[in-house]
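Each chain is listed here by its residues.
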Amino acid sequence: MTKRLFKALVASAVLTLGAGTAATAAECIAPANPGGGWDFTCRQIGKIMYDIGAVDQPVQVTNMAGAGGGLAYNHVVAERNTDEDLIIAASTATSTRLAQNAYAGMTADQVRFVGAIGADPGVIVVAADSPYQSLNDLVEAIKADPGSVAFAGGSAVGGFDHIKPLMILQRAGFDDIKKVKYIGVDGGADAITQTVGGFTQAMTGDMSEIVGFLKAGEVRVIAVLTDERVPGFEDIPTAKEQGYDVVAVNWRGLYVPKGISDEKFEEWAGKLQQVADSDEWAAAMEANGLAPFTKVGGDFQSYVDNLVLEINAMSKELGVIQ
Amino acid sequence: MEIFANLALGFGIALSPFTLALAVAGCFLGTIIGALPGLGPSNGVAILIPLTFTMGLDATSALVLMTSVYYGAMYGGRISSILLNIPGDEPALMTTLDGYPMARQGRAGDALVLSGVASFVGAFLATVGLMLLAPMLARVAYLFGPAEYFALYLLAFCTLGGMASNNQAKAALASCIGLGIAMIGVDSSSGLPRLTGGNLHLYDGIDFLVAIVGLFAIAEVFFFIESHGKGSSIGVKLDKVRIPWKDIMDTKWTMLRASGVGFIAGILPGAGASLGSFLAYMSEKSIAGEKGGFGTGVAKGVAAPEAGNNSAAGGALVPMLTLGVPGSGTTAVLLALLMTLNITPGPTLFTERPEVVWGLIASLLIANVVLLLMNVPMVKIFVKVLMVPAWVLLPGVTMISFVGIYSLSGSYFDLLLMVGFGVLGYILRKLDIPTVPVILGILLGGNMEDALRRAMVLSDGDAMFLFSTPIAVGLWIAAIAGFVAPMFLRGVLKKPPAITD
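Same order as they appear, the protein sequences are chains A and B. Anchor point for the first sequence: position 321 equals 323 in this note's numbering, and the numbering is continuous, going up by one each time. Anchor point for the second sequence: position 273 equals 652 in this note's numbering, and the numbering is continuous, going up by one each time.
Here chain B stands alone, though its shape is the one from the complex (with noise of 0.2 Å):
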């Protein structure tokens, strides 16, 4: 068995003491990164970048750890969910719907402990199904030429724009403002530069870590001004904490359900964990009927949506690292740090550096067990961290965000950016428009406008060529209905209730 033997490399390189170490610290991090509401994986990622860098890690090292962190936010995401009704991150945003009814009916610990289990069977599934299907969907990249990429890039901007916001219209214009600041820099085609003004800093076009920085970490720091520092405070007690065996056994064919839905939803580029918890929470509900009282604190409406959304998460590695695409926001960012390092994900990358993704697929595991261990016996700890005053923890954010940043290019020029993506993002957010949009248009607006001058180039500049293949012809059809489908389901994507005793 060839996965046997590639999982023993992976395992000899992620259980090496260094290694394991970065893991435990990773898992750490990213769960208190996670529990923190504003700071999602994503940014917690992108944050976490730089130390990267500083610490000198080789690729597999920082890899590891930066996955870790990945892992860790999406398992820490449910805390602040569930005693806070405020979501710790996007994906963990179901959870508030049972989590936090099932915390004030005094059974904070049991919803705690459940939804680490219910997040480790999520995570584990997932990695399996990555460690097997991955090789297969690899050859899939062959069947992709630039008809298909270009489809493909659209269908995550529909999908993923068409998710985050209530209004098409909103998600569209903050799509549009990403890939116009995707144009700015040299055109690859050409060779001359484009809304640039002059400036030489902005050449090499504008980094995407410094927007992701500014619009997420920096207008969160605005917004605290705004509110004059008010405290977080923990809306429930937790007293004790014991494992609710019942619950765990009524609900595994939920979580292994969930899962399932769940890594489906993170293989698709640009759908993401957030899909995979709401598409896992809204299948239960509906096989669940309206006895299921789902919405009123049950142990399966929390199962289900961190098994989604820890599910879509592994799922979301693997176009990835067969395709180079990234199936979310995080995998993005963690698709930034690849070639940062000098690997370019895609077919070759399982042939040619196997000990990053089998080390990769073997810390995975690792962490998940890591992490189950951490969240379960240990959760105690993590909700005293939330009651770190918020005066504290921003400035702290935004110490990190600057020297980050700094460290990156060594440019002041960057910084000023990235306070104006701050100052951008505070906008958007007074006007109701989603900055994940503005994101991913920065991030793939170059790829997609290069598959359409590749595509106009084979084809001598005849766009039916876009529709030539049944690939091509399915992902567009794809990409409209993501487009249009939420228009009709906006009914039952209502936000939770806000708190209001």
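Next comes chain A alone, as it looks inside the complex (with noise of 0.2 Å):
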């Protein structure tokens, strides 16, 4: 930990000298190997921002791998707190660790949550020859007996892919959410696998991790958790339209330091708007599998408080924190 700590005090010193020299230089931290969906904001971002203009040195990509995330914030929150240029690549995942306290004691407010510009939409999916034909059959089904549905998911126990047919139940007026079964396994390939085999009834998910199945024929999506249709998915029902007021996507997008001003706030929620109105953005989202979702300032800070306080609020139901 400290030698860590001590490496990234070296690297930001190196940094701090570089930017001495040269004008402002704009760092992203990934807070994962390289590869990932955290990894993949940061450089696409960056190198958007760049490309169109909004920054104007090319952005540097840091990765920073541990505690699911944790390593980075604590960087960030304890040795970065006043950097004015310094953006840090986020996702639902941020939001659920922290309201489940799993970065060591660390809380949302220590970080200022700049926006989210494209999401991953979550669905619940059940097999084509499932008897559930919509999400209120499901719904019922598990009100007249929890046993008899179980969902598999690819995040772990408490997951945000655990809360999200939770909230649905909620919506609905069940409260007895201990009792709803759900296995956690290796991603959403492995829990869709599951859910056709006939092992588990419901999958619950991103939409990207479902369209090489749903264009199989495999499978049926009953519900996708959005405000409006996917585009390219018009035929799925929302939830919302089904009765059930719930919007779950996975957002991609940063948080900057607590320290820093206002007016850089807001100089960078301007920045991530002029990328989430390009070109280049609308076709790395559709490479990807996002879906539009732009967030930006203040809306988004608080939606990120809403979120996790709802979650923060689930988990101490289900037993997962204290």
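Just so you know, the hints here were simulated from the structure itself, not pulled from any lab data. Computed from a predicted model, the values in this text were never measured in an experiment. Treat each hint with caution, since some may be false.
Here are the simulated distance ranges between beta carbons [unchecked claim]:
#, chain 1, residue 1, chain 2, residue 2, range
1, B, G435, A, D147, 46 to 56 Å
2, A, G300, B, C555, 50 to 60 Å
3, A, P294, B, I859, 49 to 59 Å
4, B, D811, A, K260, 29 to 39 Å
5, A, G245, B, T575, 52 to 62 Å
6, B, T575, A, D147, 31 to 41 Å
7, A, P233, B, T777, 49 to 59 Å
8, B, T575, A, N308, 46 to 56 Å
9, A, K180, B, V748, 56 to 66 Å
10, A, Q135, B, A548, 49 to 59 Å
What the simulated footprint calls covered on chain A by chain B, stretch by stretch (three residues with Cβ under 8 Å from a Cβ of chain B suffice, anywhere in the stretch; the number is not a length) [unchecked claim]:
#, segment
11, 177-185
12, 194-208
Glycine residues also receive a C-beta, built at the ideal position from the N, C-alpha and C atoms.
From the two separate chains plus the hints, produce the assembled complex.
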């Protein structure tokens, strides 16, 4: 831990020295190894910001993997609290972990969430030959006998995939959420396999995880958890139009250190908006199965605050946290 | 024909000059790794994995390089078996039985060429089998739920543990050590840390590459230090090499049968190439009967295990690619590589990443041809490598290990852990406890536990759920048989006689 911090310190010292001579080169921390979603966020947003001229130097990407993003979070809070040229990739997983106190006591109010510009819509999926035709069928079946439906998802128990069906069930007036069966498997593909195989009755995950199976005709999506129907998948109904007011998407966005000025915060929010409006970002979203989901500045901060509260309350009920 | 379209896609990727060069380099490295005693395919691949990261290879290229090394090592293992009576790797064990006597009769060149051809036949047929059967076997994944997976992992432990040692108790002990190590880290079902002693480095669990390199390579170095660095020496001279057409024609049916047996053994998760070559040799021996003269240096005794183990190597890729379950120690390492590259093997791999799968299959076919060309006329070059004194060889291995492991995570803690595993490996080998089940325990222990706990969630804690389907019951029976049967087969599992003169 101390070694890593020391390394990070040296790295930031080098960067600061570099920044002294050159104009301000922004840095984006991806709190994971190269190749994952956070890495994609940093590299794509950083590249587009430079390409469209929102920043005058290429954005430097630093990978800082560890503790599910906790290491990077700790680094930002403890070492870089006033660094105005720092952005950090975040997603729903960041807010879920903060809500569940998985970052060793650090809380969501120790940074500022600057914006999200794209999201992987949450979905509830059943096998193509399943008797459940709509979200309503599934909810009624669980209300009648909670043991009759088991969900499979790609995140661990208490993770966001687990939370999604529970949010729906709570809206439907079903409060005994501990009775709902959920198994966490290794990723969405595995969860689908279990559901098509009949070992679980429904799958909860992200749109990008199920597109292949949907095209192969193996599964039926009974609800997508967005405000509007997703472009390209217009025949899939939202949970909202079926009477369950749940929006649960895996957003891709950024946070910045707490200690920066309001002007700088607004500046980053503006740059993010520019990226969101660009054709390059539209193409990048399409290639990676993301749907438009743009919330920047204060809007986004209050969205994250509410999300953290809701997940926190639900996790307590589930017994995932005290 | 969809297969030809897919193959064309695969060759389109694999025939690019860069990937082709990687395949040739991989074959060459692999053959040397296989030929070096003690360096087998699994540690060879494990040591070379960091190379793919430093070279910044994309998924397909990395996979091409590593599978070329994998196939190359399977070919190369026979060289030291035949010339030194020391198996270059575990699966080449059976090749010593007839290969070395043949070499001592002055037919070392014949044995090397014949075994090279047999390796080609085995590996080629297995690749064809992989091509034809893998998409079909992919459908099988829908039949596997938590209960079936639990039984499958159990089968892997039982068969591999049973084959790897003459003593079941020691194999079981080794598996338990591995399972115990797998428990270290954050429990995925509850999020609570286990056995970490508060050390943050242990929260993500123990990286099995650290364990593999420690248990195999570092332990090897300790043995070398203990023997005060006695150099390796060539036991048999190799003068000239010509192609023994008569032997090749005589053994064609042997090669075909052995390939079939090996492929099936390879598909069974956990059985792997050692079982393939053993079964191939034993079945040919029983077909030939007493008159066959197996064990005295006959051509069939060389061809059968080589065709068998190379075919098993191809077969082992089937469950790895379609189910995400490794069929052997080396595919377990390859699986780790795939996961690091963000590729999740499973039934959707063939539909979602066809370029990876068919590029791989095409490059396997290419690697095979390259290996045949490399191993038959150029066999002398590889023999030269065996003359490199061990005091040059092993420090090199040590250096590669340290650099490789450090580059994985950039943490000196992993280096300490690796040396620790080296010490563990040394002690275990001194006690004649097999290290392969330890690796398997670390690798599959977490998955096995997850499968069990998922099964318990779905069934509300009813243990009979584990025996609820015919597949699960079948796997349980196979697992128990696989564990018990070697106790009765121990008589035929004797190791080859050591060099006495």
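Tested hints:
A hinted range of 46 to 56 Å holds for the C-beta pair G435(B) and D147(A), which are about 53 Å apart. For G300(A) and C555(B), the hinted distance range of 50 to 60 Å is satisfied, since their beta carbons lie about 56 Å from each other. For the hinted restraint 49 to 59 Å between P294(A) and I859(B), the CB-CB distance of approximately 56 Å keeps it satisfied. In this structure, D811(B) and K260(A) break the distance hint of 29 to 39 Å, their C-beta atoms being roughly 60 Å apart.
A hinted range of 52 to 62 Å for the beta carbons of G245(A) and T575(B) is inconsistent with their spacing of about 46 Å. About 40 Å separates the C-beta atoms of T575(B) and D147(A), a value consistent with the hinted range of 31 to 41 Å. One distance hint, 49 to 59 Å for the beta-carbon pair P233(A) and T777(B), holds here, with the actual separation near 56 Å. The given range of 46 to 56 Å is broken by T575(B) and N308(A), whose C-beta atoms sit roughly 34 Å from each other.
The beta-carbon spacing between K180(A) and V748(B), approximately 60 Å, falls within the hinted interval of 56 to 66 Å. At roughly 56 Å, the beta-carbon separation of Q135(A) and A548(B) lies within the given 49 to 59 Å, and the hint holds. With 3 residues bearing a CB less than 8 Å from a CB of chain B, the segment 177-185 of chain A meets the requirement of three and the coverage assertion stands. With 8 residues bearing a CB less than 8 Å from a CB of chain B, the segment 194-208 of chain A meets the requirement of three and the coverage assertion stands.
Comparing the model with each numbered hint stated earlier shows that hints 4, 5, 8 do not hold.
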